[in-house]
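2 protein chains.
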Amino acid sequence: MSQDFIDPVFWQPLMYLKVGPILAAVAVSCTLTFMASVVQSADPLSSWNEGQTKQSILQFVAKVTTEGSPDFVPPAERLATFDNDGTLWCEQPVVQFVFVLDRLKHMIDQQPELRDKPAVAAALKGDMAYFEQEGEQAIAEVVYLTHAGMTVAEFDELAAEFFKTAKHPKYGVLLTETTYQPMRELLSYLRENGFKTYICSGGGIEFMRGVSQEIYGIPPEQVIGSAGVLEFREQNGKAVLVKTPKLLTFNDKQGKPAGIALHTGRVPIFAAGNVRTGGDIAMLTYCQSSPHPSLQLLVNHDDAEREFAYAESDNRSLNAAREHNWTVVSIKDDWTQIFAK
Amino acid sequence: MSQDFIDPVFWQPLMYLKVGPILAAVAVSCTLTFMASVVQSADPLSSWNEGQTKQSILQFVAKVTTEGSPDFVPPAERLATFDNDGTLWCEQPVVQFVFVLDRLKHMIDQQPELRDKPAVAAALKGDMAYFEQEGEQAIAEVVYLTHAGMTVAEFDELAAEFFKTAKHPKYGVLLTETTYQPMRELLSYLRENGFKTYICSGGGIEFMRGVSQEIYGIPPEQVIGSAGVLEFREQNGKAVLVKTPKLLTFNDKQGKPAGIALHTGRVPIFAAGNVRTGGDIAMLTYCQSSPHPSLQLLVNHDDAEREFAYAESDNRSLNAAREHNWTVVSIKDDWTQIFAK
Chain U
1 MSQDFIDPVF WQPLMYLKVG PILAAVAVSC TLTFMASVVQ SADPLSSWNE
51 GQTKQSILQF VAKVTTEGSP DFVPPAERLA TFDNDGTLWC EQPVVQFVFV
101 LDRLKHMIDQ QPELRDKPAV AAALKGDMAY FEQEGEQAIA EVVYLTHAGM
151 TVAEFDELAA EFFKTAKHPK YGVLLTETTY QPMRELLSYL RENGFKTYIC
201 SGGGIEFMRG VSQEIYGIPP EQVIGSAGVL EFREQNGKAV LVKTPKLLTF
251 NDKQGKPAGI ALHTGRVPIF AAGNVRTGGD IAMLTYCQSS PHPSLQLLVN
301 HDDAEREFAY AESDNRSLNA AREHNWTVVS IKDDWTQIFA K
Chain A
1 MSQDFIDPVF WQPLMYLKVG PILAAVAVSC TLTFMASVVQ SADPLSSWNE
51 GQTKQSILQF VAKVTTEGSP DFVPPAERLA TFDNDGTLWC EQPVVQFVFV
101 LDRLKHMIDQ QPELRDKPAV AAALKGDMAY FEQEGEQAIA EVVYLTHAGM
151 TVAEFDELAA EFFKTAKHPK YGVLLTETTY QPMRELLSYL RENGFKTYIC
201 SGGGIEFMRG VSQEIYGIPP EQVIGSAGVL EFREQNGKAV LVKTPKLLTF
251 NDKQGKPAGI ALHTGRVPIF AAGNVRTGGD IAMLTYCQSS PHPSLQLLVN
301 HDDAEREFAY AESDNRSLNA AREHNWTVVS IKDDWTQIFA K
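Note that the protein sequences, when read in sequence, are chains U and A.
For the first sequence, our numbering begins at 1 and goes up steadily by one.
For the second sequence, our numbering begins at 1 and goes up steadily by one.
The set of hints was computed from the structure by calculation and includes no laboratory data.
The reader is advised that the hints may include incorrect statements.
Label-pair distances were calculated between CB atoms; the ranges are [claimed, not checked]:
| no. | chain 1 | residue 1 | chain 2 | residue 2 | range |
| --- | --- | --- | --- | --- | --- |
| 1 | A | Lys-125 | U | Ala-62 | 57 to 63 Å |
| 2 | U | Asp-102 | A | Pro-169 | 56 to 62 Å |
| 3 | A | Ser-46 | U | Thr-336 | 55 to 61 Å |
So, partial list: chain U residues that the calculated Cβ filter (under 7 Å) puts toward chain A [unchecked claim]:
| no. | residue |
| --- | --- |
| 4 | Pro-220 |
| 5 | Gly-265 |
| 6 | Tyr-286 |
| 7 | Ser-289 |
From the three backbone atoms N, C-alpha and C, an ideal C-beta is built for every residue, glycine too.
All chains, full assembly: derive it from the sequences and hints.
Given below as structure tokens:
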């Protein structure tokens, strides 16, 4: 497993919260695109601009679904894996981090002494310098505090409550409404063509499962994410699984191919990730190792006006895309609409 | 995770190999029942005798699939989990142990020095006393020697080769032919009624995935088993996953509910296990914690004439079945035919 089991970039997005004017522009843009989306179209990818990216997707799907073609892939082997943060929904801020903060605030009402923990105090203040200095242990402390020591069913309830009301700090819409419309169309399009669609994300597996069916049409058994060790217990004669503060799998970077193999026993023929931390390079590389024809998408956040523009300091993901001939999705050029509604 | 991560009972079945006359009787019985199976029937569970057990299954499935009934369960939540060894196929001897021995023999041809390892020498001699004395470490040594240090794809090829030719030491048929006909009918019947069928076994996840589709109609992504840590590497510019000698999950006893939760995020409404080690008690208890109506089956190996008769020294599984009102399947009384052909 990777050493950096909870990545500091989990936290960096908070800094974007300061970028007020850009976000106001996005909110206006959202309203306009929502109105446009009322117009129905027979195009399965109607929120994608015509161009090379859209053509790559359409041609790939046509190729692997044409019976008798040498490129035909049997439906059972048409696996598609999607990163979540920054690929399927907005990662500014990272949704699961908003949940951590929300939980901490609730917990402090009951246990005010938690404020005495430096990591908790730093999180509540948004003091990123503290976490950069203290590293993984400090991050793990607030994550486990809010995610462990309860049963899976109890956690599911907390997450469900959160998703019912939690809003994007700047857009003002529910966090579940900050999914990308073009990617939702892509998920549906692939499923209509016999693909089995999976999430494969560094996010917590139970956290994502709480909303994956509702917002992406992906059932819980097709969600792969970071997972803690679950402990089986009998409480009052009833079986429960307790979430422990012990990491089982960190499903990011090299952990993604391992997670896909563990959960599916297959190599996907389609995979989509995004630029930010290099977290999807291994998954896209793994996808490309399929003996079948395969397609890799890398979403580039290059639209400061309608969404966000962010890059990697070392440009690793885009360099890998060039080297391996992956299809780069430019949000600015390829998407007519950003958010689903 | 459980302390006894490779159970000594993995090995005990070898002792059954001495029981020649019983096995000869089974072989004759197999032939006769094969002839009987040619007669087609509209009964979806035609290899099950009429009686309480069969009725429990039929009534349960009718109940949860009747729309409008208070017991109706939506198809998405109709999850059924089956243990493998002793529940879906014969565990005398444990098939994966036959594979270990087969691999050791092949490996010794290339690396005769392996004979100098006491654990290898003991395994080849069938010296169970050695493993009882040396414990888990010795067992782990031969398991890892034969299962790790290669890519997943390489292992899959070895397992596929093994299954093509490996025969049951006494029946003389392929090991893949020692699956239970009544359980295969049950798997099909559940799937026809909208259930998603899973294997949930202590066996190695990749090992079972090699044959699960062919012999049970269960695709690899619906196989849950014990898993080692996989290491992502790039070899000659191609992504591979290497099987390391490090245990990630031991999917037996309390590990089974945790494995089901990890892989599916759901609680099954149907689960089937068997008597031998108490390995399925936690899974059946977990199944019964479902808020929906649920059914638990426990296969009792009580047919010394047609298969094997074995019990637990402490009778734990049967006691649990009585306490929790699980349905006990008597091979002797409930099955008209044992093996599929």
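These are the hints, each one checked on the structure:
1. One distance hint, 57 to 63 Å for the beta-carbon pair Lys-125 of chain A and Ala-62 of chain U, holds here, with the actual separation near 59 Å.
2. Separated by about 60 Å at the C-beta atoms, Asp-102 of chain U and Pro-169 of chain A satisfy the suggested range of 56 to 62 Å.
3. Separation of Ser-46 of chain A from Thr-336 of chain U is about 57 Å and conforms to the stated range, judged on CB atoms against 55 to 61 Å.
4. Using the Cβ-Cβ criterion of 7 Å, the hint placing Pro-220 of chain U at the interface with chain A is satisfied: the shortest such distance is roughly 3 Å.
5. The interface hint given for Gly-265 of chain U holds, since its Cβ lies 3 Å from the closest Cβ of chain A, which is under the 7 Å cut-off.
6. The beta carbon of Tyr-286 of chain U is positioned within 7 Å of a beta carbon in chain A (closest approach about 4 Å), and the interface hint is therefore held.
7. The beta carbon of Ser-289 of chain U is positioned within 7 Å of a beta carbon in chain A (closest approach about 4 Å), and the interface hint is therefore held.
Hint compliance for this structure: every hint is met.
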